[in-house]
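Novice: Below are the chains, spelled out letter by letter.
8 protein chains.
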Amino acid sequence: MTLNEVTISRAILEEQHRALVDYLETDVAVIGGGPSGLACAALLGERGVSCALIEKKLSIGGGMWGGGMMFPRIVVQEEARRLLDRFGVTYREFEPGYYVAKSVETVAKLIAAACDAGVEFFNLTTVEDVMVRGDGRVGGLVVNWTPVGMAGLHVDPLTVACTCTVDATGHDAMIARMIERKGGNLQVKGESFMWAERAESRVIEHTKEIFPGLFVTGMAANAVAGECRMGPIFGGMLLSGERAAHLVAEKLGR
Amino acid sequence: MTLNEVTISRAILEEQHRALVDYLETDVAVIGGGPSGLACAALLGERGVSCALIEKKLSIGGGMWGGGMMFPRIVVQEEARRLLDRFGVTYREFEPGYYVAKSVETVAKLIAAACDAGVEFFNLTTVEDVMVRGDGRVGGLVVNWTPVGMAGLHVDPLTVACTCTVDATGHDAMIARMIERKGGNLQVKGESFMWAERAESRVIEHTKEIFPGLFVTGMAANAVAGECRMGPIFGGMLLSGERAAHLVAEKLGR
Amino acid sequence: MTLNEVTISRAILEEQHRALVDYLETDVAVIGGGPSGLACAALLGERGVSCALIEKKLSIGGGMWGGGMMFPRIVVQEEARRLLDRFGVTYREFEPGYYVAKSVETVAKLIAAACDAGVEFFNLTTVEDVMVRGDGRVGGLVVNWTPVGMAGLHVDPLTVACTCTVDATGHDAMIARMIERKGGNLQVKGESFMWAERAESRVIEHTKEIFPGLFVTGMAANAVAGECRMGPIFGGMLLSGERAAHLVAEKLGR
Amino acid sequence: MTLNEVTISRAILEEQHRALVDYLETDVAVIGGGPSGLACAALLGERGVSCALIEKKLSIGGGMWGGGMMFPRIVVQEEARRLLDRFGVTYREFEPGYYVAKSVETVAKLIAAACDAGVEFFNLTTVEDVMVRGDGRVGGLVVNWTPVGMAGLHVDPLTVACTCTVDATGHDAMIARMIERKGGNLQVKGESFMWAERAESRVIEHTKEIFPGLFVTGMAANAVAGECRMGPIFGGMLLSGERAAHLVAEKLGR
Amino acid sequence: MTLNEVTISRAILEEQHRALVDYLETDVAVIGGGPSGLACAALLGERGVSCALIEKKLSIGGGMWGGGMMFPRIVVQEEARRLLDRFGVTYREFEPGYYVAKSVETVAKLIAAACDAGVEFFNLTTVEDVMVRGDGRVGGLVVNWTPVGMAGLHVDPLTVACTCTVDATGHDAMIARMIERKGGNLQVKGESFMWAERAESRVIEHTKEIFPGLFVTGMAANAVAGECRMGPIFGGMLLSGERAAHLVAEKLGR
Amino acid sequence: MTLNEVTISRAILEEQHRALVDYLETDVAVIGGGPSGLACAALLGERGVSCALIEKKLSIGGGMWGGGMMFPRIVVQEEARRLLDRFGVTYREFEPGYYVAKSVETVAKLIAAACDAGVEFFNLTTVEDVMVRGDGRVGGLVVNWTPVGMAGLHVDPLTVACTCTVDATGHDAMIARMIERKGGNLQVKGESFMWAERAESRVIEHTKEIFPGLFVTGMAANAVAGECRMGPIFGGMLLSGERAAHLVAEKLGR
Amino acid sequence: MTLNEVTISRAILEEQHRALVDYLETDVAVIGGGPSGLACAALLGERGVSCALIEKKLSIGGGMWGGGMMFPRIVVQEEARRLLDRFGVTYREFEPGYYVAKSVETVAKLIAAACDAGVEFFNLTTVEDVMVRGDGRVGGLVVNWTPVGMAGLHVDPLTVACTCTVDATGHDAMIARMIERKGGNLQVKGESFMWAERAESRVIEHTKEIFPGLFVTGMAANAVAGECRMGPIFGGMLLSGERAAHLVAEKLGR
Amino acid sequence: MTLNEVTISRAILEEQHRALVDYLETDVAVIGGGPSGLACAALLGERGVSCALIEKKLSIGGGMWGGGMMFPRIVVQEEARRLLDRFGVTYREFEPGYYVAKSVETVAKLIAAACDAGVEFFNLTTVEDVMVRGDGRVGGLVVNWTPVGMAGLHVDPLTVACTCTVDATGHDAMIARMIERKGGNLQVKGESFMWAERAESRVIEHTKEIFPGLFVTGMAANAVAGECRMGPIFGGMLLSGERAAHLVAEKLGR
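Protein chains in written order, with my numbering: chain A, 1 to 254; chain B, 1001 to 1254; chain C, 2001 to 2254; chain D, 3001 to 3254; chain E, 4001 to 4254; chain F, 5001 to 5254; chain G, 6001 to 6254; chain H, 7001 to 7254.
A portion of the hints provided could be inaccurate.
[Stated by the list, open to error] Footprint (simulated), chain A over chain E, 3 or more residues, beta carbon under 8 Å:
#1 4122-4134
#2 4137-4150
[To be verified] From the structure, some residues in chain F lie toward chain D, with a derived Cβ separation under 8 Å:
#3 5005
#4 5006
#5 5009
#6 5010
#7 5012
#8 5017
#9 5021
#10 5024
#11 5025
#12 5058
#13 5140
#14 5148
#15 5150
#16 5153
#17 5158
#18 5161
Calculated from the structure, these hints are not laboratory results. Note that the structure is predicted; figures quoted are calculated from it, not measured. Even for Gly, the Cβ is constructed at its ideal location relative to N, Cα and C.
Generate coordinates for the entire structure from the input sequences, incorporating the hints supplied.
Specialist: Shown next as structure tokens:
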């Protein structure tokens, strides 16, 4: 068989075009590909929910690649160990209740799980704004290519519609802040000091629908609530992602 | 149980310190975490070879995350389809002999396979130089944290020893060029024009030991040989990585 | 009627997708949207040739927008006046044989003419490399989004096939230089000193096929030939574009 | 005839100097060369109003060149279709009521129409401030070369006088904000969330004189009013430009 | 004896790893390696207190290296002369009561004294946040490699625990400002105008515990108190460092 | 009398326009406003030669403003003292034969002298190329606004014609290098080591016509000749400027 | 006589050192070398007042070098014409009452006049802060080399004492703003819209002592007062400088 | 006693001015404040040689502050242990013959030793060129403030004379390269691959006078000789510095 460059290009264009058009309307859009966003998306996908994960960077995984201070290991506590097992991440017990995994493996296994669950990834994609129509709920996102902004160019965005949006953008709680800045009834209080114990336990309850159609998970949940900052431990993130998936599925009646 | 921040930090430091010290001497160092480097490392690991994958960026995966022109799909031809199967990557047949996979999934599954095979990842790590002692062969690498160079700081590197080195750095063939620049008997001819058909078939034969102790794979192999540039198709990359793993294992007597 | 954001996005995606796929194989690709490239493309289009104009910047028009030293006027000599008329550009006679037009109008009218002639524009698109297969001729282009490079990202390109390529990239003669750099039998001599009189008359004869499948026009033609630099006068550019269109059409048997 | 470089330079200097001096006093200054500014200027010019269009960038056209997310197509709804016809822009019906045009053609045809209507373009020109004398109305603009600011140099501006000013600067509503910042009786509320349906219909009524002598059009009109953000559809922009032209002409008694 | 590169690397890794782990819990963390921080750390070390000095830059010494306006000399008044003697810094009397030392020597001798007193230095380390648990006191620091931030990367930090923290970060009073920004009961008033006489005498009394567990010294002390700015004279800095050491030791019961 | 902003702007535009048009053809263009260029221009102007001084920066004066290492004083030796007197620069004798002047005053007095002699200054103007027609001599310059290049914009230049050109661009000998780069019969050897004594005496003889129509003066003269570098003393510069003026006037028959 | 490089360096160092030490205490420090600062300093110097002019840039002259929009001409009205005469600046009458001068000549002649009047210039010098002691008046300045800040280095400043300080820093009114920011009883209202007529006449009355020991002149005077912005006309600047000189001299009893 | 800001400033200026003038002529100038430069300067100072150490950065110490890969420890082998003892640096034996010291302490103690030996430090000082007069030997240096270059300003340098110059600029061998670039009879071969064993032993013999008046030490010695690169071990550096001091002293007859 002879390879043809044009067929290769056409294959890429046709396949991705179909995905783009299919996901112009989707059940759920998760913004941010860190641990809580990935866990949430993977678990929604497993329930058969149509879910798009939108990541502004080229690679998925957020801040987890670098472990703690570039030492690529992460720690997970007892409560979340079952999620490591669920996603196939290997680990070692350091002290009773403290499990250490490799950050690179954890990222890869979470992404792989989300892919296997049917999640569609849109990387290099920045959310510029949200769509709120007469019903007063977040009904879609205004998106653009990330490099357009990095290059300082002025190009108009496109829009995608979704029934539920999950803000998994970390410290910045970017979607929540957009709504606050435009006068939506929502206040982002910002993280307080670091206190791992408290932050890890409270993040679950702060994971909720904070504005009609908008859920928040992971560090973004604590940032919105003015809760303590989380330490270099990832159990709370994964559990928060799981909780967000549960709440969203409930909302969608799945 | 109460979470303790110091225990978390100590867990990360102790675990990664052990990895760092363990890998100061290793069988193989693969430089570059793109498709050919990942395939090579995964297949070496499966054979029980101690293998470190060194990547200068924060995330692993190289240029594959973005697919073609930011449309996150990749194409693989018939010959390499079995490797997609081997690494658990799902795909769709576009036309007979042209299989399309998602770039994000492909990256994640390749990393996951390498992790499962016992490969150790060192990301944010730049190779500054190579070590060549009296035997005239590449016997180790001079490494540093990538952010040190990005920040324009002057900090001395450390060294790691390895029996075999694999240059999987893509177009730039960075390790090969270092040796050429310092007067080693090696010429990097640079890629020629794009011609996918030819480049895909020739990359396998250009995958070889190009200097005592140094193997080359993927686009770097074609760049060293002055071969044609590869199109947006990844079969040749994966097959080249497989071949490099075979040659290295042979050299090591595994 | 109610406006729907998703329909709007789908309309844009579907329409442009069709154009992208249609132009994966085209008769002619003109690289560079300055005056000679625009004239060449417009005149080819008028002859019914399928022609894509690829421009790396966001806007089309090249260096003509700013006139001379930001005074947005251009001058055209007697010989090329008929082309101003042909494209509907208004002008004023300054001295016998020197016609002054507005640079903004000239750009707009040239683009409008090319559009009316059926030329398809691909802006924000950078040509990274050329495709040369066994027949030794330029048979296609390796293209990428411009912002990808501006943002310093590493994303693979796609390829488009074309029967004829026109290098209209100005001073830099970028396509010709790519071929020279990769060892093609072609030398880019670089512009000599400015001498408007000579440069304007010689540019026509330097407009030709300089490598199998590759034509050169405008300032790029003089740069390849080592000819004098053109003054702030645009007649030679337009006439060179006209000549390139003629030669390409002849080659294609139109 | 022999071409003379000095005559060419003199022609450019003399012609543009006349334009500069002529437009030191003009009926209308439109700030911003996007779709609403261009439509407004073209329609004013057609009524015989002396009109200068001031654009800070080198090229005219604003954000329209890139279509939606770099897919160079735009959508126009039924209500504004007659303006596409008026400016000679070709289009295709995608679904009933949704017309798709090429973004490059649309820009070029709008500029061409404005030129044909006698509008004078001043590109690379930044408005630094406005002139308000004893009568409390915007009576002129303080302008400078754009590259002076880009290069971080300190060079004093010049002034131009105009009877009416049109703020067509998009999201930023830059002229309106200047007046607000300096204590003028005017509040720029900023755009609300995206809601295409509402934004498109309301932009017409928000197009008005917002401060003595200052009119606002296009996205700037919605930004001043705190109205919803417009989707990737251009009918409202064109209709707003038409309305601004009508209001300004009325004010001038044309 | 034969030198082995791997042994060298292992020696560095092992020794520094032990220091890192040892100092995950320490009595005192001094933030900032300027004159007051160095004096404080040296004097605490001499009392047998376990003390870590954390400096964000590569080199220790802060703003003292450059003397005044790059003339590398510093002045110390009569009251602090005994500290120059204590640290072994040589000087010359310029006028009665004004002693001039070399800035380079002063930095080196202060660091040497701190080293001899057992202080451990962590350079290239940035404090990103503080740890405040249920007891409402600063109980630790959230730290990261400085180059990570300089390179614009997103990598998670680690934490260290300490009984007392000393903010010796100069003008910026960075630790105090972190606490203020997150709602701690603390106000950083900012330096007032320069008045050396007053600033030098008041800095001693402003050196104190400003928040449970947090002490402030040197310019940071004056910045928190809204006190006058210090002139190019270093006696007050050294005396403030001495006072901070005294207060901290007292608190620790040493 | 009432001040009118438009009259002010018109006055500036009209007056400078006349200068621009008048100097499209001039006897002499001096490139570079450092000491040798200023002295040359002033002395040519005094002889009644029409002379334009073109300076790429905003301010005139080159490297002289900063004296030596930002200590704003310059030294002139006995031989050139009469030129300080001629230009009205005050000085003090430091040791016999060494006269010290203020750098700021020296610049201002040299510019003032050139203005009084009728020299026309074109600042913020960059020479991009030279014009060489059939007679093989430098007959003009290709010029552009400096900020255009600083801002990375692409705008075409204009041309000015001149009978003689003086390269006073310092170390870089920029005009000479342009000619060398484009294949003119001229070699720029580059400065040798610093040796003030030799450099100061030789610069006079290296001041000459180095290419038909092109003279070189000051540091550029030594750079072309491969002569020693000049110390922080300005006598040679001024004497070289004087010599250049003499040679140019002779050539012009004045 | 033989030239000696060391003698040249010593001459520069010794002479400037004397100036630096002499001006550690001076009657007046004028901050900013634009037209009003230069006029003020020159006229104070003529009255025998010891005066230092401190300029942050390398060259003196501020924004005047570039004329209006890089057309290097300035306009002066009838009232200030006598100051052009006084400083020896040549001009042409454009219309009755509007005199046009060359911007380059005007700068040079103003500096020359200030030098002849004995003003000492300190260029490349940034004022970082002011000194206010127990008497509550500005009694000195905290200064540093400008390049230190441009290079992002941290080096301590030095101080100079002066009886009167003149803020001639233009739009920014930097000295006034420093005092406002640190809580001094002073409000900088910022410039209002441009209205040349009013701004030119009011600037004289706004020229005054605005804080004990601090006078304000030129655009800074209007910025402090919230007055209208001045047009591209320089009479008001010169007259304001003259008035500032008068007020300062009066204060000093000269 | 009352502190006076002006006295403080005067003290700094007077003291450093004396140092500057004293060192305009010196026995030895060592360029570069890394370990070999510091050791060389300290040992020369101990022999009573007048020695200036010139460092381009703000802090002294070069690349040693960061240890290996930001782990601030260094290793020294048996042969050089006596130099650690001589300079008072504490260390721990890691394995027989491998001594580990803290990098921060090592830098500080080396500087302190040099200060105690009477070495004068000139930091923030860049060597731009060398002085070579009729005798063909390096007789001095052309120096400038480092921030001037960092800020992209153009300010002339000053010169200092010295009998011997020591190039201790590390990898770059900057002084040797300056001489090579300007045609001096000297070739800088560049470092070869890393081989610690060989590099450490050969550096001593490569430490020598490489051009009349110019000695080379440390990594610069190996770079000039084309010798192997040194590992992260500092014994060779210190011994090379000791040897350079010996050779220089011999040359000077001390």
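Novice: Given residue 5017 of chain F as an interface hint, is its Cβ closer than 8 Å to any Cβ of chain D?
Specialist: holds (5 Å)
Novice: Against chain D, with CB atoms and a cut of 8 Å, does the hint on residue 5024 of chain F hold up?
Specialist: holds (5 Å)
Novice: Should the interface hint for residue 5012 of chain F be scored as holding, given a Cβ-Cβ cut-off of 8 Å against chain D?
Specialist: holds (7 Å)
Novice: Given residue 5010 of chain F was flagged as interface, is its beta-carbon under 8 Å from a beta-carbon of chain D?
Specialist: holds (6 Å)
Novice: How does the coverage statement for the stretch 4122-4134 of chain E fare against chain A, requiring three or more residues with Cβ below 8 Å from a Cβ of that chain?
Specialist: holds (count 6)
Novice: Given residue 5148 of chain F as an interface hint, is its Cβ closer than 8 Å to any Cβ of chain D?
Specialist: Cβ of residue 5148 of chain F sits 5 Å from chain D, so the hint holds.
Novice: With a cut-off of 8 Å, does the beta carbon of residue 5150 of chain F approach a beta carbon of chain D closely enough for the hint to hold?
Specialist: Because about 4 Å separates residue 5150 of chain F from the closest Cβ in chain D, which is inside the 8 Å limit, the hint holds.
Novice: When the nearest CB of chain D is found for residue 5009 of chain F, is that gap smaller than 8 Å?
Specialist: holds (4 Å)
Novice: Does residue 5153 of chain F hold up as a contact with chain D if the rule is Cβ-Cβ below 8 Å?
Specialist: holds (6 Å)
Novice: With a cut-off of 8 Å between beta carbons, are at least three residues of the stretch 4137-4150 of chain E near chain A?
Specialist: holds (count 6)
Novice: Can you verify the interface hint for residue 5058 of chain F: is its Cβ closer than 8 Å to any Cβ in chain D?
Specialist: holds (6 Å)
Novice: Under 8 Å, Cβ to Cβ, is where residue 5006 of chain F needs to be relative to chain D, so tell me if that hint holds or is violated.
Specialist: holds (5 Å)
When each numbered hint is compared with the structure, no violation occurs for any of them.
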